[in-house]
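Asker: The chain contents come next:
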Amino acid sequence: MAATETIRVAAPTRRSRLAERGVDRTLLLLAPAVVLLVAMFAYPFLYGLQLSLRPQEGGGLLANYRAFFADSFESGTILKTLRLAVPATAFNVLASIPIAYFMRRPFRGKRLLTAILVVPVTLGTVLVAEGLLRYLGPRGWFNRTLLELGVLDEPLRLVHNYWGVLFSLIITGFPFAFLLILSYMSGIDPTLERAAATLGAGPWQRFRRITLPLLAPGLATTAVLCFVLAFAVFPSASLVGQPSGSTRVLSIAAYHAAFEDYDYSMGSAIAMIMGAVELAVIGLLLGARSQLYKGPSTGGKG
Amino acid sequence: MVDELRLEGVTRRFGDQVALDGFDLEIRGGEFIALLGPSGCGKTTALNCLAGLLPLSGGSIWLDDERIDGLPPERRGFGMVFQNYALFPHLSVRRNVAFGLAMHGVAKQEAADRVEQVLDLVGLQPHAEKYPAQLSGGQQQRVAIARAVVMEPSLLLMDEPLSNLDAKLRLEMRTEIRRLHQQLSLTTVYVTHDQEEALSLADRLVLLRDGVVEQVGPPEELYPQPASAYVAGFMGYRNLLEMEAENGAANDQVSVGAKGISLRGTDRRDGGGRRVICAIRPEDLRPGDGPNRIDARVVVAEYRGQELAIEAMTEQGTALHVLTTERLVPGDTVTLSADPERVLVFDAEEAGDGGH
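Protein chains in written order, with this note's numbering: chain A, 1 to 302; chain B, 1 to 356.
List time: in silico DSBU-like cross-link candidates among lysine-lysine, alpha-carbon distance up to 35 Å:
1) A/K294 <-> B/K108
2) B/K168 <-> B/K130
3) B/K130 <-> A/K294
4) A/K294 <-> A/K110
5) A/K294 <-> B/K168
6) B/K130 <-> B/K108
Keep in mind that the hints were calculated from the coordinates and are not lab data.
Every value quoted in this text rests on a predicted model; they were computed, and no experiment measured them.
Using the sequences and the accompanying hints, generate a full structural model.
Answerer: Shown next as structure tokens:
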């Protein structure tokens, strides 16, 4: 073959090279979302960050942070928030698993049960708080019934303290966790457990060896979302909690600083600390999730 | 190995619908049984009842002298290969195969040895560390089979295991399943809607229709001697012609006719009913003069390598399927004939399309 017969290939244009790597004009469709994200999230975040670094009273960049951690009443709010958010998240996720597990198969009244479990999510925190006050308060039905039955000598204190807030977080957070886990659960091919049964696995082993590992990544995701919701607790902490004491959570501390002491800079610093703690917990959960199997949850083609 | 598995009047209802009605079957140890029938005939229900995945509405299942229909699936010790394979997606091939052994508390070393053996047997050794999603359909199928046979189950249940594979792979896996059965001689119940699969694999076929057994027998019996028009439709008799019988049968033969066709065929009726179905295989309708002449016009000619699959139409509109080596083209007129031995006449109440 003659050496002159070389095939000329047009050099790829810059555009086609970029398109090869997934960069083309369709990316412009992301623009509105990016603009919104910058305007609604990035800008306020950066503004808050720089505000927190310019203390009202002076004393250097980190004066607000130093003051926060030096005052145990202030820094204790981190622990108080975690003490509410972590148990609430754990309860909501763990309690959802068995219920969702038994609701995989259809049964009579399934829709009604789902509706009952999910309704609280639509009520809003204020309504739930009001209900809790009436139901669990010292003169509420719960205490009155137990007193009448002679189980108690004096009413249990279940509102205006830690427990009230925890109940409220569970009532509003559980439907959310349940719905998410139910959808993860229904994504798992039911023939997998049947296959495990024919291989000799009893009910517990089927759950433990097949369903739970396939569900775990979904549980981690659900836990992250539940935690974020519970960590930002504000209305219930003030309505059914003890906002100056045991349920003085980070968001209340930030509110105090900004809107009662008029120290916006300190308020921003507390918001930043809140974000950092939240990020740390989420990082921990997602780190654990990355150790898990995350492939498809069906067993083959079909 | 078990000597015998017995199903006695096994019945399963879903609401007021009867999926399986009084199913009786005796399976001998080492036998390969195919449950054959169209979708909705109850074959998968029967399999699930055997596996313990569906409780019975009536009847009983016996393994030798032990009644097992009350046992949950995990205590029956049967292996099952599912239609969609149902491989555990979060476990490697090796751990999928080892799963059942671990559940039965087989010692680690022994379990590992058995897994290796079975992986060798199905040729999956090079893929042992892969996850199911990384395998092709045929490989997934092999894992599913390996996972069931490693348990050396007293009964192996297979639910249309080849239906998700392409044509070429299906043939390969069919041979593979037959080879495995010859090697391990595991008692097997195999569900399929594909008569070719059933005929080539099974020692005995069970043909089901609407939850009732229509005919049971070895392929060598069902293929040439279908008991009804329904079974005939499954055994390759594509021409099922509704006709009327004339009076007087002689030497097991009877004359039938309709729409300008008159034929002499082998009498397979129970009584002497006048309404009949006349069943003829495409390869038994030959172009050329002979007994049972039918004149028709070629409508469609499909190339099949050695042969042509012809659809021909008689003057009065009866469609006929013909398989021939003659090079016919659409529009040709052709005279067909059929050996009366190969023309089967059945009662018409068994009518209906053979379930294709």
